[in-house]
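*Asks:* What follows is the residue order along each chain.
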Amino acid sequence: MADTHQTIPQWKLRTRKQDLVVWASWLAGVMAVILCLSLISEKTIWVFVLSAPQEAADLGSRMVPPDWPYILQLGRPLWDTLNIATIGTAAALLISVPVAFCAARNTTPSRAVVRPIALFIIAASRSINSLIWALLLVVIVGPGVFAGVLAIAFRSIGFCGKLLYEAIEEIDVEPVEAVQSTGASGAQVLTYGVVPQVMPAFAGISVFRWDINIRESTILGLVGAGGIGLQLNASINNLDWSRVAVILLVILATVIVSEWLSAKIRAALT
Amino acid sequence: MDIDWLRVADGGPRAARFFSGFFPPDFISRWDAIFAGLLESLWMTVAATALGVLISIPVAVGGARNVAPAPVYYFCRAIMAVSRTFHEVLIAIFFVKLFGFGPFAGLITLTFATLGFYAKLLAEDIEAIDPAQAEAIQATGAGWLQWLDYAIRPQVRPRAIGLAVYRLDINFRESAVIGIVGAGGIGATLNTAFDRYEFDTAAAILLVIILIVMAAEYVSGLIRQRVQ
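From first to last, the protein sequence lines stand for chains X and B.
Mapping of the first sequence onto the numbering used here: residues 1 to 270, in sequence order.
Mapping of the second sequence onto the numbering used here: residues 1001 to 1228, in sequence order.
Derived from the structure by calculation, the hints contain no laboratory data.
Note that the Cβ used here is the ideal one computed from N, Cα and C, for glycine as well.
Heads up, a few of these hints could be off.
Derived CB-CB ranges, DEER-like [as the list claims (entries may be wrong)]:
(1) X:116 to B:1082: 41 to 51 Å
(2) X:178 to B:1158: 31 to 41 Å
(3) B:1144 to X:114: 49 to 59 Å
(4) B:1144 to X:190: 47 to 57 Å
(5) X:120 to B:1158: 29 to 39 Å
(6) B:1130 to X:256: 26 to 36 Å
(7) X:34 to B:1222: 20 to 30 Å
(8) B:1028 to X:178: 53 to 63 Å
(9) X:12 to B:1158: 18 to 28 Å
(10) B:1158 to X:242: 46 to 56 Å
(11) X:114 to B:1161: 32 to 42 Å
(12) X:10 to B:1036: 45 to 55 Å
The following block holds chain B by itself, in its conformation from the complex (with noise of 0.2 Å):
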């Protein structure tokens, strides 16, 4: 590999240098930027995990084996194959193209990747039903979606809040970055600060940043303790 060791020793200097600027975080003169981010970074967080469970359902019930005939279920596995092989980065460079910049496409690229993560988690936990209280609900001659909603759903129930709980964490976290490339949120504020060198402001956004992960993994722990 080429490294320029020479380059990477210059690193101390330029580190103290580059660490100075961070400190200390001013949280104050860019506030404004910074609070108006993290709401984006929340409404997109919030509101592409509910659009991307939604979608995530029927996908994830075409994509069980147990549930769904093989072109269904072949077809589903795609989907999920295509959404999870790229990126979020990736994913958000596109959208940004064909929606524009801001938080639209954030919350298309975070509904996308969720779809992906979700429904694969889900599919197969279906999968892994008890299958005689399935056989119990047919034998009883319920319909198809009686079946489903009698013998599939509250087997998968627990998993299924305990998954969207932590997806929202995850999307939380990854609302950080693809703003970098363009799709709102506190990535794009903190983009502008490292670009405009404002270094003691991007330090006070990285801290918001690592506390409000931080708590949020931890109330999300609680939250799946609980169900599971």
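So that you can see chain X by itself, here it is in the shape it has in the complex (with noise of 0.2 Å):
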């Protein structure tokens, strides 16, 4: 009688059988990572690593006190670095629409032809940087703000494109229904039934995405394609860290704003 207690099963969450399968996946999984991190390591040189500490020290010395009368330059590449991401993002929801409306399951012309094609067009553009799509156009546009405006664009198509095409496939059937059974054209329906339903989104979609540019933005100038960057990259080249310091600064508080405002206009909208 004494044993009973012992004679009652245990329950346990797992078998045993997938407790060996967890562990053998953790195992693999550890190991894929120190194998990764033993690879880095053979390419790094350490003492370059070792000695951060002193760089930092050395980069915090040169960068304080900021070079503040700077500031008063940076009015101009700070508005074209604005003027980027906002045509940027303007240009992309333009072109993002008609192609959102071909890669939706229940919009597109043709489900054959025309909405792999979108969706290509979609992965491809999602797929290369804005930092490289910028060094391309550089080369083919020349240097300056358009070639900033087309990177960001191109980036943007693809980014628009898929968000919007998931929210029309997302739609309510019924009120698409509705409109066809009054004898609406198929450009009626589309206006009537489908756009309605997914100005929400769009309004979101262009909002976060035009948060997101203003951050991609600051950066193109790195590569020669204009705004805020371009005197970032002259800064650092000539190692005149007071300014960068002031640079980055003022890029801190761009972004914090606009991602301000962008999280106001978005809470506005749901």
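Using the supplied hints, reconstruct the complex from the two chains, each of which is provided in its own coordinate frame.
*Replies:* As structure tokens, then:
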């Protein structure tokens, strides 16, 4: 009688086999990470890494105090940066709307031909970072703001197109059918059945992408595509770290303001 | 805005010349460099995602309003804000200056960027849990760590895995860019190709990046669908 409580089967979350699988996959994962780290460390010159504290102190001493009067020269580049982000986003939205309608399963004119093409445009645009777009476009249209606008636009088409076509696919079919049953043409069905349903998503997506683009457009100047990144690159190349500090603070302020603005607008939309 | 339209108009023939330089893409003559760059990007991506997620988890717990007391909450939120404000490329410039050229700077950059992204989204998920289950666990007299383990962890697990896979995908994409400022990986190879005016090699690298990113996005989409 004394050993009754030993025969009661103890409840366990997993069977022994599941336990083993979980354990093995953790082991594999940890080993993969250690392997990656060791391969990276092979390619690393540790002397430079170990000197990081001195480098950081050196950098700190050169950045402080920031060269405040320089901020007066940053108005124009900052304006350019804002323009690159805003015009680039607007251009991308203009192009991404038809692409999204062609990519959505329920509104595409042809599933066999047009939809794959639209999906390819979206994927291709999304896989190339705006900095790489800028690298290419600077060679084609020349250094400056225009290359930046195009780079932002090309990268954003995929982003906006993808989110928008997903929103279109998720719409409620009933209003669409109601409009169809009145004998409306295809274009009328789109305007009265589909567009009102995706409008809030569209507005949200555009503000969201604008906010991301402000951040992206601050670095396009590094490859010559205009904006405050040009000044940043010049200051870094001149080792003028007190100016770099000012530029970074300006970028910080801009990003915080744009993020706050975008959050406010999106909150108001929903 | 200052746009030199003459220069833009000049873009047609320039683009033609430029793209004729791209074709045919040359995979062969620099294949060793491309392959080495890709592997380096891959190591950076995997290691940075793992480290970033590991560091993010305590920050996310501390940054969730329903778990952490106010001072801890503001401290963790500040960490997230700092990490998210600057573009990866700007962060990379600094880490390259601190740690020297190469994949180590890239690893630290991506880890840092992962921290802001992952911690913020995970914290938001922790804040959105079902409080009834959390209370039920509390009612059993569980300690704080037990409460985290049994009330919070099961509820955020699917999203935590989904986000990690998503960030893996993003990190690979970013690793192609931060190399341009010297942080190793395939971006460094791409930059070298551009600097040498070897546009056919650059085209090959871009194609390889696009293919891998598309494949990664497809696979990560599948995994995220399965866990969520």
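*Asks:* Range hint 26 to 36 Å: satisfied by the CB atoms of residue 1130 (chain B) and residue 256 (chain X)?
*Replies:* Cβ of residue 1130 (chain B) to Cβ of residue 256 (chain X): about 33 Å, so the range 26 to 36 Å holds.
*Asks:* The hint says 29 to 39 Å between residue 120 (chain X) and residue 1158 (chain B); measuring C-beta to C-beta, is that right?
*Replies:* 30 Å, holds
*Asks:* Is the gap between the beta carbons of residue 12 (chain X) and residue 1158 (chain B) within 18 to 28 Å?
*Replies:* With Cβ atoms ~22 Å apart, the hint holds.
*Asks:* Given a hint of 41 to 51 Å, does the C-beta separation of residue 116 (chain X) and residue 1082 (chain B) actually sit inside it?
*Replies:* Cβ of residue 116 (chain X) to Cβ of residue 1082 (chain B): about 42 Å, so the range 41 to 51 Å holds.
*Asks:* CB of residue 1144 (chain B) to CB of residue 114 (chain X), is that within 49 to 59 Å?
*Replies:* 56 Å, holds
*Asks:* Is 45 to 55 Å respected by the C-beta to C-beta distance linking residue 10 (chain X) and residue 1036 (chain B)?
*Replies:* Since residue 10 (chain X) and residue 1036 (chain B) have Cβ atoms about 53 Å apart, the given range 45 to 55 Å holds.
*Asks:* Just tell me: holds or violated, for the beta carbon distance of residue 1028 (chain B) and residue 178 (chain X) against 53 to 63 Å?
*Replies:* 60 Å, holds
*Asks:* If you check the beta carbons of residue 1144 (chain B) and residue 190 (chain X), does the distance land in 47 to 57 Å?
*Replies:* 55 Å, holds
*Asks:* Please test the hint of 31 to 41 Å on the beta carbon pair from residue 178 (chain X) and residue 1158 (chain B).
*Replies:* Holds - the Cβ-Cβ distance for residue 178 (chain X) and residue 1158 (chain B), about 37 Å, lies within 31 to 41 Å.
*Asks:* Quick check on a hinted range of 32 to 42 Å for residue 114 (chain X) and residue 1161 (chain B), using CB atoms only.
*Replies:* 35 Å, holds
*Asks:* Is it true that the C-beta distance of residue 1158 (chain B) to residue 242 (chain X) lies inside 46 to 56 Å, as the hint says?
*Replies:* With Cβ atoms ~48 Å apart, the hint holds.
*Asks:* The hint says 20 to 30 Å between residue 34 (chain X) and residue 1222 (chain B); measuring C-beta to C-beta, is that right?
*Replies:* The hinted range 20 to 30 Å holds for residue 34 (chain X) and residue 1222 (chain B), with Cβ atoms some 27 Å apart.
When each numbered hint is compared with the structure, no violation occurs for any of them.
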